[in-house]
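Trainee: Here is how the chains run, residue by residue.
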Amino acid sequence: MTAENAKNEKRKDRIAKTKEYALELCCVYTFLSVTGAIINIIAGTETGNLNVLVMFATCAIGTFVLFLHKLFDRFSPLFMIVAQYLIACALIGLMLLLIHLFVDAISLRGLFEFYRSFTIPYIFLAGFYYYRVFSETRKQAELIREIQQLKSKDAGSETVM
Amino acid sequence: MKLNLYKDKNLREEKVDIHYTAMRPMIRQLIDTVRSERPSLSGRPADEDVDDGEEIILDTAEIYYLDHVDRKLFAYTKDGVFRIAGTLSDCEEMLWNYGFVRVSKSNLINIYKVKQLKPDVNMKVYASFDNGERICVNRSYNKSFREYLQKMRRMSL
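If you're matching them up, the sequences are chains A and B in order. Residue numbers for the first sequence follow my numbering, beginning at 13 and rising by one. Residue numbers for the second sequence follow my numbering, beginning at 276 and rising by one.
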């Protein structure tokens with residue numbers, strides 16, 4: 013492969029990844045905004061323009077952080093979950109700082125509330141992932157056991173005539 | 276599976292009839308053996324003290340797993356470690372019907388030799404073998420690993 017071809021491949025790969033990211037972001041944002049709208053209807057509350065933008069930025073950060081999972085392939089999933097959480101916290105911190113400096117002042121209470129509303133679903137999702145790893149492994153172990161048993165059944169008996 | 280062996284000195288040509296219900300991996304292996312296409316790996320002991328320069332034919336059923344390290348391919352068996360020729364991808368293709376599946380960039384494991392599959396507390400999943408060794412099932416390969424197991428089970432029925 014020439015250097016030019018390698019460069020083209022890399023560019024194509026980058027474009028494909030960007031498209032994938034955009035698609036994921038659209039799905040996540042749609043899901044959250046529809047859920048938010050339903051909650052607002054039920055609770056009789058309303059969301060401001062800034063809240064909509066903050067939610068979009070949070071979705072963009074969350075999706076981006078989840079997209080980084082390939083970087084942590086060498087590490088354990090537990091490490092990956094913690095590292096992704098810390099990266100997300102740092103990026104959200106940066107976003108809140110920008111909002112605080114250029115848009116609207118954020119109180120300490122607001123900061124705490126934001127992190128709490130981000131951390132709780134994250135812990136739930138991490139717990140679900142943890143459960144999935146264990147249940148999936150158990151299923152795979154059962155499959156292996158079954159395949160081994162079927163093979164030993166296949167070995168059968170021998171008759172010489 | 277019932278095996279009948281008939282001895283007939285007057286037979287002009289030796290023959291093998293296989294009566295099967297479905298093309299299972301076991302049947303595929305029998306066909307490979309009759310056609311003399313059964314894959315075999317030959318290698319030399321990785322331990323230089325044991326290596327007398329002779330190639331040893333390895334029975335694929337005796338191999339726990341294959342490991343690719345520093346552009347060298349090693350087969351781990353009960354009797355020791357053997358350095359074998361070829362690439363991991365070639366072995367993956369050749370040994371598909373023999374229970375070998377890719378679980379990481381550098382490992383192929385023999386599912387018939389897996390003693391236990393268990394995740395650690397840190398959520399890394401390991402396949403353990405009789406020789407006490409463990410191989411990590413990389414999560415990038417988890418989907419293809421699961422699909423392989425499901426396919427093997429379906430084919431084995």
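A few of these clues could be false.
Mimicking DSSO-like on lysine-lysine, the simulated pairs with C-alpha atoms at most 27 Å apart in a straight line are [what the hints assert, rightly or not]:
#, chain 1, residue 1, chain 2, residue 2
1, A, K165, A, K151
2, B, K390, A, K151
3, B, K284, A, K163
4, A, K82, B, K284
It should be emphasised that the hints constitute simulated quantities derived from the structure, not laboratory data. Only a predicted model underlies this, so the values are computations on that prediction, with no experimental measurement involved.
Trainee: Decide, hint by hint, whether the structure agrees.
Mentor: Cross-check of the supplied hints:
1. K165(A) / K151(A): holds (21 Å)
2. K390(B) / K151(A): Cα-Cα ~15 Å, so holds.
3. K284(B) / K163(A): violated (33 Å)
4. K82(A) / K284(B): violated (64 Å)
Hint compliance for this structure: hints 3 and 4 are not met, and every other hint is.
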